[in-house]
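J.: Each chain, letter by letter, is given below.
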Amino acid sequence: MYTLPSKLRLFSIIFMVVGGLMLTAGFLTAPSTTAEVKEMMADHHDDGHAAKNDSHEIETSNHEVSAQTHGENVHEETAHDSEEAHLEHTLHQMQNRPWSALYIAAFFFFMIALGTLAFYAIQFAAQAGWSPVLFRVMEAITAYLVPGGIIMFVLLALSGFHINHLFVWADPEVVAHDKLIQGKAGWLNGTGLLIRAAIFLGGWILYRTYAVKFSRRDDDADDNRWFKKTFRISAAFLVFFIYTESMMSWDWIMSFDPHWFSTLFGWYVFAGMMVCAITTIALVTIVLKGQGYLEFVNDSHIHDLAKFMFGFSIFWTYLWFSQFMLIWYANIPEEVTYFITRIEDYKLPFFGMLAMNFLFPVLLLMNSDYKRVNWFVVLTGIVILAGHYIDVFVMVMPATVGTSWFIGLPEIGAILLFFGLFVFVVFTAMTKAPLLVKRNPFIKESKNYHY
Amino acid sequence: MASKVIHAIYTDDDILMQAVKQVRAEHYHIEEVYTPFPVHGLDKVMGLAPTRIAITSFMYGLVGLTVATLMMNFIMIEDWPQNIGGKPSFSYIENMPAFVPIMFELTVFFAAHLMVITFYMRSKLWPFKKAENPDVRTTDDHFLMSVDAGNHDVEKLSKFLYDTGALEISLIENDENH
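Protein sequence lines correspond, in order, to chains A and B.
In terms of UniProt numbering, the first sequence has 428 at position 428, counting the first letter as 1, and numbering is strictly consecutive.
In terms of UniProt numbering, the second sequence has 157 at position 157, counting the first letter as 1, and numbering is strictly consecutive.
In case anyone wonders, no lab produced these hints; they're calculated from the structure.
Hints are supplied without guarantee of correctness; some may be wrong.
[As the list claims (entries may be wrong)] Sample of chain B residues with no beta-carbon within 10 Å of chain A, all distances over it, derived:
1. E32
2. Q82
3. N83
[To be verified] Okay, the calculated beta carbon distance ranges per label pair:
4. T428/A x R122/B: 52 to 58 Å
5. G292/A x K159/B: 46 to 52 Å
6. M96/B x K444/A: 49 to 55 Å
7. A35/A x F74/B: 56 to 62 Å
8. A235/A x T118/B: 42 to 48 Å
9. I93/B x A25/A: 38 to 44 Å
10. D369/A x V116/B: 22 to 28 Å
Built from N, CA and C at the ideal position, the CB exists for glycine as well.
Work the whole structure out from these sequences, hints included.
T.: As structure tokens, this is what we get:
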């Protein structure tokens, strides 16, 4: 049995508190009137070079750029009106920033738990012989699905009913003037969003509950009844999952840009989710192994996880590129704006994540020997997780905060908050059952697994 | 140069593995082992050095990537930068997404084919090669270990090999080493 070290508990609580404070500060420092936005900008026009605050500097320079572009159109309207409209626009972006930061971090950690659940189901459906020694680690990671899912649901409710301004399609005023969103209103409406979210989350949590319950019962059983049941519900879950995951990606991510659509978006989100999940399984396994809890996990298990990290990193890149290249090549205006805003306003994160999510793991994890070196896997894993956080960041931020983005107080605060919560939930769940499943038809093979 | 080897024939891969371990423990030199199929772990117990073919493949892949890049850069950007359907051919990086499928395929093509050719050359395999098979049964269900008799006592070595489970033991005089 695993006992939660008190240091780890303290560590995660400190993360939650510090992250919560930083996020609150992010909410409090967001401007509430256009006058404040104007003041913030004026402040930094004067001493912009003093680099008092990096985030404001970026905002200032972005303001200068957009001020120039709108200056050219000024002759059509009065200068004052367009200035006010511009400030209004920037105000909304700045107000969205802490909300987006919260949403991105909440989704990022939620998708790790969800991806782990899918990976767990695949291991059962495929009757994998190497992984049963890791089942309890995976079960513990999926424990985050319940609190993380509830948080996602609340955030979706807040956005779907326009308490905050994350989803443009939730704003009745915007919809009234937007033919395209009106046409999609049958799908994109607050009630529909929440009903679908409830079905998705309900189905995932249902499978998780029963899979874990059967796994516990299997420990005390004297036949393979529970294993067979898990096999059946895993196969059914995987069918349910691939449909709901795809729809979830339209609802929760793609609808930030309600004018834009991509058919392989669901797969793209799925690929990122799987890399993060497998990386997290590997990291948690290495941590527990380092503390001497997983005596049957050997280098070959780590090697297999590292191979999955490597393979799914390439799969993610393949989907990223397929989506990008098809749109870039055809260059249809209604599709290509998605990438134009990202390349113009998010150049470094947009291309930087390619280096982190593709080049880095491909070059570091190609060598078979390196996949067995634990610190190498940890190093690559941290870069992969950071890269996929930026991936989610670049999927969400351009639509909600546009040019007013920065990775500052609210973003880092939200990451710390959810990281603390994730660690707390996962390692608390780890104490609920022995770290090795007792009887599974493949447990002997898994214990003696050697590659 | 005439040399003597002893051919010991086994019919089971597990016994063969054990025999290889024993022979190596006694410091006899194993010239070669002939098996009808890959026996997992045989290279390890024989103490063979790991293959470096994956490393050559990686380097061939880099060559392929370079070839693709230089080729597309010369043809599409330097030699005749036409406007084809509005694609930007001012610099390589601007039009790179269109070249990535070629870059990928040539990387794989070079890595795969040159590695296979390397394998053929290192294993000395070609269409009209004369088979180096000491006993036709080793392609079906027999395993043959060829031990260098050298200056060892042939009687003692034969007895030893017999004890490791060999079914047939024969002394072979080679005219040449191969």
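J.: Decide, hint by hint, whether the structure agrees.
T.: Each hint tested on the structure:
{"no.": "1", "hint": "E32", "verdict": "holds (26 Å)"}
{"no.": "2", "hint": "Q82", "verdict": "holds (17 Å)"}
{"no.": "3", "hint": "N83", "verdict": "holds (14 Å)"}
{"no.": "4", "hint": "T428/A x R122/B: 52 to 58 Å", "verdict": "holds (55 Å)"}
{"no.": "5", "hint": "G292/A x K159/B: 46 to 52 Å", "verdict": "holds (49 Å)"}
{"no.": "6", "hint": "M96/B x K444/A: 49 to 55 Å", "verdict": "holds (51 Å)"}
{"no.": "7", "hint": "A35/A x F74/B: 56 to 62 Å", "verdict": "holds (59 Å)"}
{"no.": "8", "hint": "A235/A x T118/B: 42 to 48 Å", "verdict": "holds (43 Å)"}
{"no.": "9", "hint": "I93/B x A25/A: 38 to 44 Å", "verdict": "holds (40 Å)"}
{"no.": "10", "hint": "D369/A x V116/B: 22 to 28 Å", "verdict": "holds (23 Å)"}
No hint from the list above goes unmet by this structure.
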